[in-house]
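Participant: Just so you know, the protein sequences line up as chains A and B, in that order. Counting with this note's numbering, you get residues 1 to 315 for the letters of the first sequence. Counting with this note's numbering, you get residues 1001 to 1307 for the letters of the second sequence.
Hints in this document: simulated from the structure, not taken from any laboratory. Every value quoted in this text rests on a predicted model; they were computed, and no experiment measured them. Certain hints may be false.
Said to hold, decoys possible - Computed, partial: chain A to chain B, Cβ under 7 Å:
hint, residue
1, PHE87
2, ILE117
3, VAL129
4, VAL133
5, GLY212
6, LEU254
Backbone N, C-alpha and C define an ideal beta-carbon position, used for all residues, glycine too.
So you can see what is in the structure, the chains are spelled out below.
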Amino acid sequence: MPAVSHRLPWFPGAILLALVVTAIVAPYLAPHSPTDGDITRKLIPPIWTERGDWEHPLGTDRFGRDVLSRIIYGSRISLAVSLVAIFVAGTLGTLVGLVSGYRGGFADAFLMRLTDIGLSLPIILIAVVMVAVSEPSFRNVILVIALLLWPRFARQIRGETLAIKEQDFVALAVVAGRSSAWIIRRHIFPNVMPTLLVITTLQVGFVILLEGTLSFLGVGVPPPNPAWGLMIADGRGFLATAWWISLFPGLAMLLTVLAVNLMGDWLRDHLDPKLRQVGGRAEVLEAPTTAAVGRGPGEAPAHGRAAAGAAVDGN
Amino acid sequence: MARYLIGRLAQTLLSMLVVVSIVFVLTRLSGNPVLLLLDVNATQRDQEILTHHLGLDKPLPVQYVIYVANIVVGDFGNSIISRRPVVEHIWERVPATVELGFVAMFLSVLIGVPLGMYSAVRRGGMMDSGARVFAVLGQSMPAFWLGLMLILFFGVVLGVLPAGGRGTVWHLILPAFTLGYFTSAAILRLTRSAMLEVLGSDYIKFARLKGLHEQVVLWKHGLRNALLPVVTFAVLLFVQFLGGAVVTETVFAWPGLGRLILESITTRDYPIVQAGVLVLSALYLTGNLCVDLLYSYLNPKIRHAGR
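This is chain A alone, in the form it adopts within the complex:
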């Protein structure tokens, strides 16, 4: 492990800030409309090429739509879809995790079996079929992603809850006659917040990639919305003649996910020393060697599935 710096990392920080600002002020920033093109000005290459035009810095696509403007507006879609999907999945997962961890017993056994099953599904495959069959739309993309994502939250939050439950202040609250709901709200939830923040950040990148994949395959955000995945798919037929249509939205996506992932790694290292060992992406990457660390008998294999799910994320 390299030495951990305590300053906020400037590179991902700057990119994320730029991204959020771009998404917010998109209408003022974009030189053209993202959806209306001028067909007489189609397939113009970027400015630094011979036929380039200052009017369209990153060129235009086959309908004459400005690639730069579409990328700028596309940031809204990527951010909105991933944030809403993660919010829904995070809320559901956290709720399940809290109840499961705090209650124990039958509820715990039932909810955790459900979580195990959720974690074991081939996410991309199921997502493709779910959205395809239910007509591509923003709502469906978000719902499907959220539905497939919540178990990741549930498992980690449950683990965290189990640990916090054993603390003295919880026991005191019980003795003082506080209700379970009160204890969960006032004692457990605030203490799982750091973990929740880390998981959330680590999932944002994955969700952006998943949304991009679905849109690319034609079962995600419907056209003519300027989703990055859709733009990349648009340029597929023009790779030989108009490479810029696919190249730039992909770069935007790569930078965004890269920044989010680096930020997630940094947060994990700072907010949650435990996750460094057994959770998050570190678990995935340094899997089998760290698998046994800090896990009781019978728990380690769950990690195999976590690795499975995460490795698939990349495809």
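Following the hints, put chain B in place on chain A, whose structure we already have.
Facilitator: Same frame as chain A, but now just chain B:
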């Protein structure tokens, strides 16, 4: 151990049942297949006959039971478009998917293991930082975009590799790399950490004290001991490639199962979609099960639990 084994087996079966149910619900939600099958001029009577023939006039729970029972005996029905048994369509495509997955696994081990070893040996050096960048990029890059850029560079600009389709060994390189990049990054990190652990051990120090050649120490004493987790992981990867095949196969026009599923979604040939998803999911779940069992067998903590 036995208890764990049975529990894990039951869970896999349950997961499979969930997949089966999801697919059932989705295909029933997706509109009336009768209208898809018949042309516009079909009469009311035609519709009724076909509905009855397909068993769609029965209550939903009954349909579900029939559906599951058919799957258990391996009967997936006929394709709506070609009228041939779905099983035939699936079998035609399985070899291509398995081939691609196998080569991708091989490639990611081939890239990941040596790079990981080197960054462990030269810890903190140029190679190590390079490998880190390689790994981080691999996690952040959309696979479909990487595939297109590879086609652009090697297929269009350089013109040295075919842009798609299946045939020669050359056709395999780009899709296998696209599929294997992310995982080679994972293998790299894994090899690195395993290797670092092994290199710090006493027997490596002893081998060096004995005056063995450094290469012998690294490859024979070091790698051999570090390789176990890597190999287990590689098996797991192969399975995941099957699940992730949809994207890569689409980009490279690779005639595998994933592409079949996507094509069938476009043509609304739902029997094929159902069967394809079930087969891929079954492969995926079985693979995960095998790896879990292997892990638990290799990990004494679990092997002896419950004795």
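Participant: All the hints need checking, so say for each whether the structure fits it.
Facilitator: Okay, the hints, checked on the actual structure:
Look at PHE87/A: its Cβ only gets to about 22 Å from chain B, farther than 7 Å, so that hint breaks. Given hint, ILE117/A at the interface with chain B, holds; its Cβ is 5 Å from that chain's nearest Cβ, closer than 7 Å. For VAL129/A, the suggested interface contact is upheld, since its CB lies about 5 Å from the closest CB of chain B, less than 7 Å. Below 7 Å, beta-carbon pairs count as interface contacts, and VAL133/A has one with chain B at about 4 Å; its hint therefore holds.
A least Cβ separation of about 5 Å between GLY212/A and chain B falls short of the 7 Å threshold, and the interface hint therefore holds. Interface restraint check: LEU254/A against chain B, minimum CB-CB distance 5 Å, threshold 7 Å, status holds.
In terms of the numbered hints stated before, the structure departs from hint 1 and from no other.
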